[in-house]
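S.K.: Now for the letters of each chain:
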Amino acid sequence: MIPAAFDYHRPASLDEALKLLGSLGAEAKLLSGGMSLLPMLKLRLASFGHLVDIGGIPGLEYIKEEGGVLKIGGATREFMLDRSEIVRARYPILLDTARVIADPLVRNRATVGGNLAHGDPANDHPATMIALGATVVARGPKGERTIPINQFFKGLFSTALAPNEILVEIRIPTPPARSGGAYVKLERKVGDFAIAAAAAQLTLDKKGAVERCGIGLTNAGPAPIEAADAARSLVGKIPEQKNLAGAARLAAEIAKPSADHRGSVEYKREMARVMTLRALKKAVERAGGQ
Amino acid sequence: MAKHKISLTINGAAHEAEVDSRLLLVHLIRENLRLTGTHVGCDTTHCGACTVIVDGQPVKSCTMLAVQANGAKIMTVEGLEQGGKLSAVQEGFTEKHALQCGFCTPGMMMTCTALLERNKKPSEQEIREAISGNLCRCTGYVNIVRAVQYAAEKLA
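Order-wise, the sequence lines are chains S and C.
Counting from 0, one number per residue, gives the positions in the first sequence under numbering that gives the first Met the number 0.
Counting from 0, one number per residue, gives the positions in the second sequence under numbering that gives the first Met the number 0.
If you are wondering where the hints come from, they were derived from the structure by calculation, not from laboratory data.
A few of these clues could be false.
Partial list, derived from the structure: chain S residues whose beta carbon lies under 8 Å from chain C [unchecked claim]:
1) PRO38
2) VAL99
3) PRO103
4) GLU186
5) VAL189
6) ALA244
Pairs of lysine-lysine, DSS-like flavour, derived with a Cα cap of 30 Å [stated by the list, open to error]:
7) S:LYS28 x C:LYS4
8) C:LYS2 x S:LYS18
9) C:LYS72 x S:LYS63
10) S:LYS255 x S:LYS280
11) S:LYS63 x C:LYS2
12) S:LYS188 x C:LYS4
13) S:LYS41 x C:LYS4
14) C:LYS4 x S:LYS18
15) S:LYS41 x C:LYS2
16) C:LYS119 x S:LYS41
17) C:LYS2 x S:LYS188
Chain S regions said to be covered by chain C (calculated; three or more residues, Cβ under 8 Å) [as the list claims (entries may be wrong)]:
18) 44 to 54
19) 148 to 159
20) 171 to 177
21) 229 to 237
Heads up, the beta-carbon is just placed ideally off N, CA and C, and yes, glycines get one too.
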């Protein structure tokens, strides 16, 4: 399959890319790893007059900790998460996620920023970033602004990014001691989108009660879902079975999945509950709790 | 729509081409350069029959633009054999009967070749994970895993 014709631009700097976005207007689309965009263009689900490839801009691929924050460059490839010592040592939830996104060949091209900016509720990073309380850094013609992740997703394929902005960095607060997180995904086969998946990240206090908790759901509605009530229900409580099960039920209640070849609404909502419970249990275990 | 002049290295040989923006890398390889060992299977980023190694990384060439490969070093299945001698991975595939119809084989071998470049002694689990983006619909994966283990031993 061949995409509809377009012009291709490969700016060498962010400034040049922003200028192009400004001059080309609505006909321009940013190309990062291309693992979502190129299939859409090939299937003619979308077409744009111009693609602006940010793959030639140096300095957008990195994973580093600075001042209590994990910083991931917008064009960082997914496989780099799996090979990062920092991620392996301190961000197991990111490692869980990076290992279930599409397949290894796709992860060699796909980028973390693209996974978010595409605004697809079936993508895996949105839920993870919601659970971690991440912030997205967008660069536009007037400079940089930061967008909290729970204000980033606006609907199906729609985000808070303006057409003339580029997602340049993702910032994740480094979890304090006694923290743990996990991403659990139910999929029919490797490479498929989730039937249901849940991300949970929590911190325990010295007595073993939950101090902070974040929960995100994948493919459970038209946009990625933050299960805020479910997360709040655990704060101040001991993360024992009945409390975790209660939180998982609350998460399933706000899931709004649609029926398709992956299952009925009822099945998917029930699986959202089960995945949330599993993610919470694993997160507690990794936080060193009971 | 403007054409783009690109230059790239394929299997050690330098090539120049003038391509449309929308030309896919797999079509550049198969149709412009007539290297038809790289296959088009699903054409939807699922099956991995089109896998080639770009700058050391196995990628699906049906989901990359030719113009994105400007300046890249690419290896296709035609580059595995050296001076009439099969590579260790190719030898493994023949010795361990790791193919039947052969359609997935070029992509599968490129993924396995890249794996052994990065990991000299992969475990069975690591091999299975590495090839999880390449689909085989007839032989199954047991003999493919054995072929990679054969190649790893041979290269050790």
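S.K.: Look at each hint and say if it fits the structure.
M.R.: Now for the hints, and whether the structure bears them out:
With 8 Å as the threshold, the beta carbon of S:PRO38 comes within range of chain C, its nearest partner Cβ sitting at about 5 Å, so the hint holds. With 8 Å as the threshold, the beta carbon of S:VAL99 stays out of range of chain C, its nearest partner Cβ sitting at about 10 Å, so the hint is violated. Against a cut-off of 8 Å between C-beta atoms, the interface hint on S:PRO103 holds, since the closest Cβ of chain C lies about 5 Å away. Taking 8 Å as the C-beta cut-off, the interface hint given for S:GLU186 is violated, the closest approach to chain C being about 11 Å.
The closest approach between the C-beta of S:VAL189 and any C-beta of chain C is roughly 4 Å, which is under the 8 Å cut-off, so the hint is satisfied. The criterion of a C-beta within 8 Å of any C-beta in chain C is not met by S:ALA244, whose closest approach is roughly 32 Å, and the hint is violated. A distance of roughly 22 Å separates the Cα atoms of S:LYS28 and C:LYS4; the hinted pair therefore holds under the 30 Å criterion. Between C:LYS2 and S:LYS18 the alpha-carbon distance is near 22 Å, which keeps this suggested pair within the 30 Å criterion.
Under the criterion of a C-alpha separation no larger than 30 Å, the hint pairing C:LYS72 with S:LYS63 is consistent with the structure, at around 28 Å. Between S:LYS255 and S:LYS280, the direct Cα distance comes to roughly 23 Å. Compliance with the 30 Å bound is thereby established for this hinted pair. With a CA separation close to 39 Å, the supplied pair S:LYS63 and C:LYS2 exceeds the 30 Å bound. A hinted pair counts as satisfied when its Cα atoms are at most 30 Å apart, and S:LYS188 with C:LYS4 does not qualify at roughly 40 Å.
As the CA atoms of S:LYS41 and C:LYS4 are separated by approximately 22 Å, the hinted pair is consistent with the 30 Å bound. Proposed proximity of C:LYS4 and S:LYS18 is supported: the alpha carbons are some 23 Å apart, at most 30 Å. A hinted pair counts as satisfied when its Cα atoms are at most 30 Å apart, and S:LYS41 with C:LYS2 qualifies at roughly 19 Å. Distance check on the hinted pair: C:LYS119 and S:LYS41 sit about 37 Å apart at the alpha-carbon level, beyond 30 Å; violated.
With a C-alpha separation of about 39 Å, the suggested pairing of C:LYS2 with S:LYS188 is violated against the 30 Å cut-off. Restraint check on the stretch 44 to 54 of chain S versus chain C: 3 residues with Cβ-Cβ distances below 8 Å, three needed, restraint holds. For a cut-off of 8 Å, the count of residues in the stretch 148 to 159 of chain S with a CB near a CB of chain C stands at 0, and the three-residue condition is violated. Given a C-beta distance limit of less than 8 Å, the hint that chain C covers the stretch 171 to 177 of chain S is violated, as 0 residues qualify and 3 are needed.
Given as covered by chain C, the stretch 229 to 237 of chain S fails the check, having 0 residues with a CB less than 8 Å from a CB of that chain where 3 are the minimum.
Hints 2, 4, 6, 11, 12, 16, 17, 19, 20, 21 from the list above are not met by this structure, while the remaining hints are.
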